[in-house]
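K.L.:
Keeping their order, the protein sequence lines are chains Y and C. All letters in the first sequence, in the order written, are residues 1 to 751 by the numbering used here. All letters in the second sequence, in the order written, are residues 1 to 289 by the numbering used here.
Just so you know, the hints here were simulated from the structure itself, not pulled from any lab data. Check before you lean on any hint, since a few could be wrong.
Sample of chain Y residues lacking proximity to chain C, with all beta carbon distances greater than 10 angstroms (derived) [said to hold, decoys possible]:
id, residue
1, 32
2, 53
3, 61
4, 84
5, 88
6, 101
7, 129
8, 175
9, 252
10, 300
11, 410
12, 460
13, 695
Straight line, CA to CA, 20 angstroms or less: simulated SDA-like cross-link-like pairs of lysine to any residue [as the list claims (entries may be wrong)]:
id, chain 1, residue 1, chain 2, residue 2
14, C, 260, Y, 741
15, Y, 737, C, 257
16, C, 260, Y, 664
17, C, 53, C, 39
18, Y, 302, Y, 174
19, C, 88, C, 257
20, Y, 127, C, 44
21, C, 260, Y, 659
22, Y, 127, Y, 58
23, Y, 737, C, 205
24, Y, 662, C, 258
25, Y, 662, C, 260
26, Y, 127, C, 251
27, Y, 127, C, 40
28, Y, 662, C, 263
29, C, 260, Y, 668
30, Y, 73, Y, 58
31, Y, 662, C, 257
32, Y, 310, Y, 187
33, Y, 737, Y, 619
34, C, 276, Y, 187
35, C, 260, Y, 200
36, Y, 737, C, 260
37, C, 260, Y, 284
38, Y, 430, Y, 384
39, Y, 737, C, 251
40, Y, 302, Y, 182
Beta carbons: idealized from backbone N, C-alpha and C, even for Gly.
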Amino acid sequence: MNETSNKWIGQNTIRPDGADKVTGRAAYGADTTMPGMIWGSVLRSPHPHARIRSIDTSKAEALPGVKAVITAKDIVEFPLDKSVVLGIQDMRWMCRNVMAREKALFHGHPVAAVAATTEAIAAEACKLIDVDYEVLPWVIEIEDAIKPGAPLLHDFIQFEGKPSNIAGTLEHKLGDIDAGFAQADVVIERSFTTRPVHQGYIETHACLVSVSADGKTTIWSSSQGQFMVRAMTSLLTGLPQSSIRAIPAEIGGGFGGKTIVYLEPLATVLSKKSGRPVKMVMSREEVMRATGPTSGSMSTVKIGATKDGKIVAAQGTYYLQAGAFPGSPIRGAAGCAFAPYDIPNVISRGFDVVSNRSKVAAYRAPGAPIGAYAVECVLDEIAEALKIDPLDLRIQNAAREGTKAAHGPVYPRIGLLETMEAARAHPHYKAPLGKFQGRGVASGFWFNAGGESSAQVNITEDGNVVVTTGHPDIGGSRAAIANIAAELLGIDYRRVSVLIGDTATVGYSNLTGGSRVLFASAIVVTESAEQVIGQLKARAAKVWGISADAVVWENGEARPSGDHTGNFPTMTLAEIAAKASETGGPIGAGVQLNTTGAEGGFSTHICDVEVDVELGIVSVLRYTSFQDVGRAVHPAYVEGQIQGGAAQGIGWALNEEYIYNKDGKVDNPGFLDYRMPVCSDLPMLDAVMIEIPNPKHPQGVRGVGEVPLVPVMAAVANAVHSALGKRFYSLPMSPPKVLEGLDEGTLQAAE
Amino acid sequence: MTDIQYLAPHTLDEAVGAFAAAAGTARILAGGTDLLVQMRAGMVRPGLIVDIKKIAEMTSIEETADGGFVVGAAVSGAVLAEHPRFGKVWPGVLESINLIGSTQVQGRASAGGNLCNGSPAGDSVPAMMAADAIVTVQGPNGRRQMPVEAVPAGPGRINLAPAEILVSFTLPPRPPGSSDAYLRMIPRTEMDIAVVGCGVSLTLTNGVCTAARVGLGAVAPTVLLVEAAAKALIGSKLDTAAVDAAAAACSAACRPIDDKRGTIVYRTKVAGVLLKRTVGIAADRAGRA
Ligand SMILES: Cc1cc2nc3c(=O)[nH]c(=O)nc-3n(C[C@H](O)[C@H](O)[C@H](O)COP(=O)(O)OP(=O)(O)OC[C@H]3O[C@@H](n4cnc5c(N)ncnc54)[C@H](O)[C@@H]3O)c2cc1C
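Okay, chain Y solo, but in the shape it has when bound (with noise of 0.2 angstroms):
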């Protein structure tokens, strides 16, 4: 498509949802009621690691008000043996996950889900169920974990064929990795660690079910997919796919970590048992103590060049926190980590390690920003030792069409090279800087995702249009698709409506994840709106009883072309419209695919920081990200996806973290002590957009939304070695960490 000639995609249209969510209109996951609704509330474990001998819930019945209580007898079992996988989830651990088996694996481990007919209720139900524990040693951080001797959480995981915590790994290889080192003549070799920080969606899990007499299932919940959530609802409590139907509600933030369900199937089966709609909201406490975070790790990096700058070896070693399950996004760390390079000879590792703590869930570019941390930070020091400028350094080695990445994709046409090219000739790079104040930069890469989507595009009586897709909207889905259709038909875009469908209304949509959303969706929304205007054609032809070859829609109409150009007065789509039942009935197209060619994201960032070197604070004070975004379709939503990103970057580089007692509890779980930043910690976080089109999609779309993460605490951490001249190698760089790194040294060397 054409830039120039394009009138609405490109534009910063209003947003679809705008006036119900700034008139409070817009319903949640909390906000569904129904008559005869009853409250559900989870019991969770007090203990980090525990075998559960009996649990017995007969007070809990026996109170007034208690209307069913389940324990883990009640959830679907997927036996040890045999993985029977659901997107990125495998329904062992899910159904484990949901609710404990065999052992609770972490404080706040769900046990037992009560519901009653007021909240109260509930919760004091919850405190009468006994549970007989045999408390177990326990472990949480990564080191310990896989020390000999540690406690083990799973008696099935081998690792080298002994009883291990580490429950998989993963390698990524290319060239020859000993030839490669023996070549460079600067070898850097650091190791790094980070915390699990949360996704912090504002909105907390929340859903509200009912099973009726009949067994059909009705779920109202937020999640990042209406279809995952019926088919972990299926799995897991042997309800068949048809008889449910889960309505998204609107989304108060996910960013991966709703591609997964806690509450939905405690609230089927106690809706199923009790006969009445089953409410359950997570209060912020659970949601910090027993939904995913992001994973912590442990990395080593090295990485070898020449003295000209080239770089001809590199090797990273992982090991990411999975929580209490396998299933660490290792895949995102040791994948993404080198893939901005065009490095000859590349090992990448990664290990899946399990502890004592909740399970880890998706968030943004899952796993990628450990990746980059670690290697950006030593590309700096490998620049340092240079004396290459790190852009100059990072231009110099950038991946390129045709580039083969150690995790295994040619790459087709990138815009990496522009990013770093624009970061270097931006004036930010240039601009003059202060005492302890620091610049740094990093790039980062994100695969992107296409898969399988549904749409459904129906002309109304009045000549207007209903886009239906099947992905919740979290990054301004339903904006771009209306920019899409209203730019394909040729006509206003407040004449296309777009909604997202439910799992009966709509066809088969994979979930809100990977990046993927607009990429696929534009692809079935294009498809169908050419079979539309196929249609539309046909229809005006018949009116005009030519050949529809001989009708061409422009401009929202149907014109009569070649020998009959100007034969006949052009139709608009509400004329044809209106003739609809004489020319053939209603008008409309429905296109299912599963989509290919969702080309992976680059970006490039430059962050300017100031330390106070007396409290330790490190403040941002200008940050820039640059990034291919393949198509800008609404870019007032793709700035702020690469500004969000960049914002809980900088939370994840300076304060997030969770923080555990002796007890192996989360001693943080909540806003006050879980640091995200807030306004007033951010600049202006600046985004500029690069659109090199991806080739293989109709509006060159590439994903957008979990790139912009990846390389922010790398250009915090670069920055802020660049202010000290002293480089901290785990995350966060909080005040008294950073105040306790500070030597008189150090300051005076900085000075």
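Following the hints, complete the assembly by docking chain C with the ligand onto the known chain Y.
P.N.:
Okay, now just chain C with the ligand, sitting in the frame of chain Y:
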């Protein structure tokens, strides 16, 4: 949850009467920005809530004939900020109250609630101590006064007798050359809880510090009045040696804990740093040449 009764009396006598009659199950409600949060978290479950915001004396700000101020215990931060004179005379006290929470919280939160909540990290308390504020309390046995530093008893505990209500803060008149300041260290820039807070009030006469008081928060079970720091400042020209000595006195006064909000080492070091910075701001405001 059990039923909660709510009363909003118009007089202090009624309030004290109701508070006393409830025999320990009642709570005073000023802005509610601590109380309601604690109730939602299940930490407190009062049977009776006595809202004091309808009592004129507790929501008024009075400038006395001698130039002092009497600030009602339930005056919100936003209302105090709008007073035409208070912030000019007591910029440090005002800033300490105004940095509590956010705009929304400011519409409710009071200095009385901040003090009576008993948190060692309450932001207005060090500034009030530095200001030499006197509190007036009223209970079943009548009224009494005490210095603000006599109120905190420990984390979450204060030295008010059963059924006593904090009525107001009285701030003394200011001699020429006086001012004050408050600074806190938080890892973020707002919506956070002080890791260390420091209030300084001082008077300069011909460049010499003739009076000073220093309040230090979040470094001990209660907010501290650090007399040794004040002593180091008084009589000096606030030269580096004097300010360093005062900073050292602040660090020495710290009896902090290691917790999720800060380490002992960090808090002790930061107490000294904040003292220096706060003295600098107060001195500039007092007209230091
Ligand atoms: C989002 C948020 C941010 C916050 N940020 C800060 C911050 O930055 N710094 C800070 O110090 N605090 C902060 N707080 C805590 C709180 O806002 C302050 O402590 C505030 O000053 C409390 O005042 P209040 O009028 O709301 O007190 P209330 O909640 O009404 O009362 C607090 C306690 O004191 C008792 N009480 C109140 N008035 C009297 C009285 N006159 N006599 C006897 N007892 C009384 C109450 O019974 C209650 O136990 C924050 C709170 C929130 C919710």
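K.L.:
Next, verify each hint and record whether it holds.
P.N.:
How the hints compare with the structure:
Residue placement check: residue 32 of chain Y keeps its beta carbon more than 10 angstroms from all beta carbons of chain C (closest about 22 angstroms). The claim that residue 53 of chain Y is not at the interface with chain C holds, since no C-beta of that chain comes within 10 angstroms of its own (minimum 29 angstroms). Every Cβ of chain C is farther than 10 angstroms from the Cβ of residue 61 of chain Y; the closest lies at roughly 22 angstroms, confirming the non-interface assignment. Against chain C, the non-interface label of residue 84 of chain Y holds: every CB pair exceeds 10 angstroms, the least being about 39 angstroms.
Remark: the non-interface label on residue 88 of chain Y is consistent with the geometry, its nearest Cβ contact in chain C lying 32 angstroms away (cut-off 10 angstroms). Look at residue 101 of chain Y: its CB is around 29 angstroms from the nearest CB on chain C, clear of 10 angstroms, so calling it non-interface holds up. For residue 129 of chain Y, the condition that its CB be more than 10 angstroms from all CB atoms of chain C holds, with the nearest at approximately 18 angstroms. The Cβ of residue 175 of chain Y lies farther than 10 angstroms from every Cβ of chain C, with a closest approach of about 44 angstroms, so its non-interface assignment holds.
No Cβ of chain C comes within 10 angstroms of the Cβ of residue 252 of chain Y; the nearest lies about 18 angstroms off, and the non-interface call holds. The beta carbon of residue 300 of chain Y sits about 27 angstroms from the closest Cβ of chain C, which is more than 10 angstroms, so the claim that it is off the interface holds. Every beta carbon of chain C lies more than 10 angstroms from that of residue 410 of chain Y, the smallest distance being close to 45 angstroms; the non-interface claim holds. Every beta carbon of chain C lies more than 10 angstroms from that of residue 460 of chain Y, the smallest distance being close to 43 angstroms; the non-interface claim holds.
No Cβ of chain C approaches the Cβ of residue 695 of chain Y within 10 angstroms, the least distance being about 44 angstroms, so the stated non-interface status holds. Our distance criterion of 20 angstroms between C-alpha atoms is met by residue 260 of chain C and residue 741 of chain Y, whose separation comes to about 19 angstroms. For a cut-off of 20 angstroms, the pair hint linking residue 737 of chain Y to residue 257 of chain C stands: about 17 angstroms separates their Cα positions. Among the hinted pairs, residue 260 of chain C with residue 664 of chain Y is consistent with the structure: their alpha-carbon atoms are about 14 angstroms apart, no more than 20 angstroms.
Between residue 53 of chain C and residue 39 of chain C, the direct Cα distance comes to roughly 19 angstroms. Compliance with the 20 angstroms bound is thereby established for this hinted pair. Distance hint between residue 302 of chain Y and residue 174 of chain Y is fulfilled; the C-alpha atoms sit about 15 angstroms from each other, no more than 20 angstroms. Distance check on the hinted pair: residue 88 of chain C and residue 257 of chain C sit about 36 angstroms apart at the alpha-carbon level, beyond 20 angstroms; violated. With a C-alpha separation of about 18 angstroms, the suggested pairing of residue 127 of chain Y with residue 44 of chain C holds against the 20 angstroms cut-off.
The straight-line distance between the Cα atoms of residue 260 of chain C and residue 659 of chain Y is roughly 7 angstroms, inside the 20 angstroms bound, and the hint therefore holds. At most 20 angstroms may separate the alpha-carbon atoms for a hinted pair to count; residue 127 of chain Y and residue 58 of chain Y meet this at roughly 12 angstroms. Pair hint residue 737 of chain Y plus residue 205 of chain C does not hold up; C-alpha atoms about 41 angstroms apart against a cutoff of 20 angstroms. In summary, the hint linking residue 662 of chain Y to residue 258 of chain C is supported, as the alpha carbons are separated by about 13 angstroms, within the 20 angstroms threshold.
Taking the CA atoms of residue 662 of chain Y and residue 260 of chain C, the gap is about 12 angstroms. The hint holds against a cut of 20 angstroms. At roughly 45 angstroms between alpha-carbon atoms, residue 127 of chain Y and residue 251 of chain C are farther apart than 20 angstroms, so this suggested pair is violated. Proposed proximity of residue 127 of chain Y and residue 40 of chain C is supported: the alpha carbons are some 18 angstroms apart, at most 20 angstroms. About 15 angstroms separates the Cα atoms of residue 662 of chain Y and residue 263 of chain C, which keeps this hinted pair within 20 angstroms; it holds.
A C-alpha spacing of about 7 angstroms is found between residue 260 of chain C and residue 668 of chain Y, which places the hinted pair at or below 20 angstroms, so the restraint holds. A distance of roughly 15 angstroms separates the Cα atoms of residue 73 of chain Y and residue 58 of chain Y; the hinted pair therefore holds under the 20 angstroms criterion. Between residue 662 of chain Y and residue 257 of chain C, the direct Cα distance comes to roughly 15 angstroms. Compliance with the 20 angstroms bound is thereby established for this hinted pair. As the CA atoms of residue 310 of chain Y and residue 187 of chain Y are separated by approximately 12 angstroms, the hinted pair is consistent with the 20 angstroms bound.
Of the supplied pair hints, the one linking residue 737 of chain Y and residue 619 of chain Y holds, its CA atoms being roughly 15 angstroms apart against a limit of 20 angstroms. Annotation: proposed proximity of residue 276 of chain C to residue 187 of chain Y is violated, straight-line Cα distance about 45 angstroms (limit 20 angstroms). Simply put, residue 260 of chain C and residue 200 of chain Y have alpha-carbon atoms about 19 angstroms apart, close enough for the 20 angstroms limit, and the pair holds. Distance check on the hinted pair: residue 737 of chain Y and residue 260 of chain C sit about 13 angstroms apart at the alpha-carbon level, within 20 angstroms; holds.
A distance of roughly 18 angstroms separates the Cα atoms of residue 260 of chain C and residue 284 of chain Y; the hinted pair therefore holds under the 20 angstroms criterion. Between the alpha carbons of residue 430 of chain Y and residue 384 of chain Y the distance comes to roughly 18 angstroms, so the proposed pair stays at or under 20 angstroms and holds. Restraint check for residue 737 of chain Y and residue 251 of chain C: the C-alpha separation of about 19 angstroms stays at or below 20 angstroms, so the hint holds. Between residue 302 of chain Y and residue 182 of chain Y the alpha-carbon distance is near 13 angstroms, which keeps this suggested pair within the 20 angstroms criterion.
Hint compliance for this structure: hints 19, 23, 26, 34 are broken, all remaining hints hold.
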